[in-house]
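Colleague: Construct the entire structure; sequences and hints are all you get.
2 protein chains.
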Amino acid sequence: MIAPAPHSPTRITLDTAALQENYKRLTAHVPASCQVAAVVKANAYGLGVEVAVPALEQAGARFFYVAHFSEALAVRAVTGCPIAVLGGLPQGAAADYKHHKIIPVLNSPEDIAACPADLPAIWHIDTGMNRLGLRTEDVATLASRAKSLPLLMMTHFASSDDAVSPFTAEQIRRFDACIAGLPKPFQLIPHSICNSSGVLRHPEAHRQQIRPGIALYGGNPTPEAANPMRPVVEITTKILQVRTGKAGETVGYNQTETLAADTQLATIGLGYADGFFRSGSGRAHLYWRGFPCKIMGRVSMDLITVAIGSLPPTCPPPQQGDWLEIIGPHQSVDHLGASLGTISYEVLTSLSHRAERIIGI
Amino acid sequence: MIAPAPHSPTRITLDTAALQENYKRLTAHVPASCQVAAVVKANAYGLGVEVAVPALEQAGARFFYVAHFSEALAVRAVTGCPIAVLGGLPQGAAADYKHHKIIPVLNSPEDIAACPADLPAIWHIDTGMNRLGLRTEDVATLASRAKSLPLLMMTHFASSDDAVSPFTAEQIRRFDACIAGLPKPFQLIPHSICNSSGVLRHPEAHRQQIRPGIALYGGNPTPEAANPMRPVVEITTKILQVRTGKAGETVGYNQTETLAADTQLATIGLGYADGFFRSGSGRAHLYWRGFPCKIMGRVSMDLITVAIGSLPPTCPPPQQGDWLEIIGPHQSVDHLGASLGTISYEVLTSLSHRAERIIGI
Chain A
1 MIAPAPHSPT RITLDTAALQ ENYKRLTAHV PASCQVAAVV KANAYGLGVE
51 VAVPALEQAG ARFFYVAHFS EALAVRAVTG CPIAVLGGLP QGAAADYKHH
101 KIIPVLNSPE DIAACPADLP AIWHIDTGMN RLGLRTEDVA TLASRAKSLP
151 LLMMTHFASS DDAVSPFTAE QIRRFDACIA GLPKPFQLIP HSICNSSGVL
201 RHPEAHRQQI RPGIALYGGN PTPEAANPMR PVVEITTKIL QVRTGKAGET
251 VGYNQTETLA ADTQLATIGL GYADGFFRSG SGRAHLYWRG FPCKIMGRVS
301 MDLITVAIGS LPPTCPPPQQ GDWLEIIGPH QSVDHLGASL GTISYEVLTS
351 LSHRAERIIG I
Chain B
1 MIAPAPHSPT RITLDTAALQ ENYKRLTAHV PASCQVAAVV KANAYGLGVE
51 VAVPALEQAG ARFFYVAHFS EALAVRAVTG CPIAVLGGLP QGAAADYKHH
101 KIIPVLNSPE DIAACPADLP AIWHIDTGMN RLGLRTEDVA TLASRAKSLP
151 LLMMTHFASS DDAVSPFTAE QIRRFDACIA GLPKPFQLIP HSICNSSGVL
201 RHPEAHRQQI RPGIALYGGN PTPEAANPMR PVVEITTKIL QVRTGKAGET
251 VGYNQTETLA ADTQLATIGL GYADGFFRSG SGRAHLYWRG FPCKIMGRVS
301 MDLITVAIGS LPPTCPPPQQ GDWLEIIGPH QSVDHLGASL GTISYEVLTS
351 LSHRAERIIG I
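If you read the protein sequences in the order shown, they are chains A and B.
Counting from 1, position 38 in the first sequence corresponds to residue 38 in the numbering used here; the numbering is continuous, with no gaps.
Counting from 1, position 223 in the second sequence corresponds to residue 223 in the numbering used here; the numbering is continuous, with no gaps.
I should point out that these hints are in silico values taken from the structure, not numbers from a laboratory.
It cannot be assumed that every hint is accurate.
Here are the simulated DSSO-like pairs of lysine-lysine, each with C-alpha atoms no more than 30 Å apart in a straight line [to be verified]:
#, chain 1, residue 1, chain 2, residue 2
1, B, 246, A, 184
2, A, 101, A, 184
3, B, 184, A, 246
4, A, 294, A, 246
5, A, 147, A, 98
6, B, 246, B, 294
Where chain A lies over chain B, by a calculated footprint (3+ residues, C-beta under 8 Å) [said to hold, decoys possible]:
#, segment
7, 155-163
8, 273-284
9, 298-304
Every beta carbon over 10 Å from chain B, so not counted as near; a handful from chain A, in silico [claimed, not checked]:
#, residue
10, 27
11, 57
12, 77
13, 142
14, 149
15, 182
16, 209
17, 222
18, 226
19, 228
20, 290
21, 303
22, 316
23, 328
24, 330
Predicted, not measured: the structure shown is a model, and the values here were computed from it.
C-beta: ideal position from N, C-alpha, C; glycine also.
Modeller: Structure representation (structure tokens):
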């Protein structure tokens, strides 16, 4: 996935030392008896599993989660550690899972039925997402008929990023009540419950394994407070052209922006095909030496135009060939996500496939 | 870019015969003396240049446009035809352009200065986008000092998709007025003006080359009327799990959807990391046998939950393993774009990198 992109106007820098530091910071929240698994689905949230997985393994990670079997194969190519597939066990896939030593997360009675006794697996109990997972009222019956014991019993939080929602505590209660109703051997199986926010907010749910994702990659797991994680990704983009738009002229597709005065404009070679969403049209910002430059008009497929004329007099305006900041010290991935009307996760997983990637350490 | 994705829950089918038919339909709009170039930037709008370019060449295309030099290299790997880079000529890149026979589109006086006399190039005159391109008032001076004649003089429409905007006619007028003021040899250079919508709406601007993009890939170039193009892309996704959500329960992250009654739910293995935008949360639809199934709660990174309980009695509900339609006969790429709050272009260029791709003919 890391391809050289000669003369690319966009650079993504991945700070693997920060990724490793984030792994260690999360590890410091849990007792030594608790395993810190790493969620590396969606190509390690867009960073590239071939970079992220070895870095995380070097930092101590010994268990990885992905969404799909094909992702598990990409991770298997770079690690011998256990890999679990959150998306379940597709019909006819059991032999391939076994061959590559991939662990299915069993989400439904059908998944459990399709899983051979000698394929190690995880049971996922749904405690309130209504998405994937076994309904709590079905688990006891399924357990009583089980061909073998799962490696882990897991559940997934719906609202742990929300500091005031009581729902996470309710999910933990439902999970524990469900487990307490199972046959004795099932009560001894280790638990995997916490996502990133859960790790920081719910130590009572750390149990035997945590599964952080977004916090590893620098997203803020406690949005109401300062980010305890280090940023991992920086994106900069080169100015292709600087021009003066005249008062009364319009900018971009469908003339959505009319210039009130003569305005210095810079156009960069990045657009929605690079994962910079069109929803940022006319409202998001790029940064030049720490000062915001507003997007003028619509984000196009490969180009964005920003205003560069309102900089303080002490700040020389940028020129063709200068680099603007998209994500970096002045604009966090969380901040950019908010200004695009979404969340850091969607920004990260949409990261450019056309950019030049630079692996920092 | 086409990688096998074993046991992938999502399939993208590319109908190369429809792509070729669309090329031929556009060709039928212009005289034989007009070249029909194909815009294949952003990896052929997400379809994959290694499939799209040979198919288009077989249909008659002999000139290709991309956004970046690195994209030009990917296209060069599959064709010997001329390839032009819309994003200009980066400093220090001229020798690489020459070596790979790539044509820069020169957008600024700086681009023109950086272009050696023996590197064939295109001049881009900005007639109202205020994005990239030479300002009309600068072109005569630049032409009088030019080291060599460009291959083509181009401009780009801002509002040609809008049936009632007078701005396209104004842009054509500005372009022609600019050319009329140039030294004689520049007045004889062929023109490249029309994008997809321009091809259908503005025959007076067909000139010597047209440059369709979105219409090749099945997007509607005349949104106020029935789509004259054939759909090229179908996306289907497999149900990972069917469940009954109980009245009063919530669905998905942050409990944004509460079930008014017991509801049959299906969860599919596709989410915003696959390019299905989070903006579709709670409002977009997937289709089962032609009937819409509304997305319940938030789109997650790898999963979406839809309601499947309101189907007519004659339609048996889908089961785990059945395939739902994302883009296909019942939901066009334009329709999905609108229901995600954006346009077909952004949907296409965000297409899944995790899906299994099937090349239909």
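Colleague: Next step is simple, just say for each hint if it's right about the structure.
Modeller: Status of each hint after checking the structure:
1. B:246 - A:184: Distance of about 29 Å is within 30 Å: holds.
2. A:101 - A:184: Holds, because 28 Å separates the two Cα atoms, which is no more than 30 Å.
3. B:184 - A:246: Judged against 30 Å, a Cα distance of about 29 Å means the pair holds.
4. A:294 - A:246: Distance ~17 Å between residue 294 of chain A and residue 246 of chain A Cα, so the pair holds.
5. A:147 - A:98: 16 Å, holds
6. B:246 - B:294: Given that 30 Å is the threshold and the Cα spacing comes to 17 Å, the pair holds.
7. 155-163: Satisfied; 4 residues make the cut.
8. 273-284: holds (count 5)
9. 298-304: Held - the segment 298-304 of chain B has 4 residues with a Cβ nearer than 8 Å to chain A, which meets the minimum of three.
10. 27: 23 Å, holds
11. 57: 22 Å, holds
12. 77: Holds, because the least Cβ-Cβ distance between residue 77 of chain A and chain B comes to about 12 Å, which exceeds 10 Å.
13. 142: Answer for residue 142 of chain A: holds, closest chain B Cβ roughly 14 Å.
14. 149: 22 Å, holds
15. 182: Given a closest Cβ separation of 20 Å, the condition holds.
16. 209: Non-interface label stands for residue 209 of chain A: nearest chain B Cβ at 20 Å, farther than 10 Å.
17. 222: With a cut-off of 10 Å, residue 222 of chain A remains clear of chain B, as the shortest Cβ separation is near 15 Å.
18. 226: 22 Å, holds
19. 228: 21 Å, holds
20. 290: Answer for residue 290 of chain A: holds, closest chain B Cβ roughly 25 Å.
21. 303: 6 Å, violated
22. 316: 17 Å, holds
23. 328: Residue 328 of chain A clear of chain B: closest Cβ-Cβ about 21 Å, beyond 10 Å.
24. 330: Consistent with the label, residue 330 of chain A stays out of reach of chain B, its closest Cβ about 24 Å off (over 10 Å).
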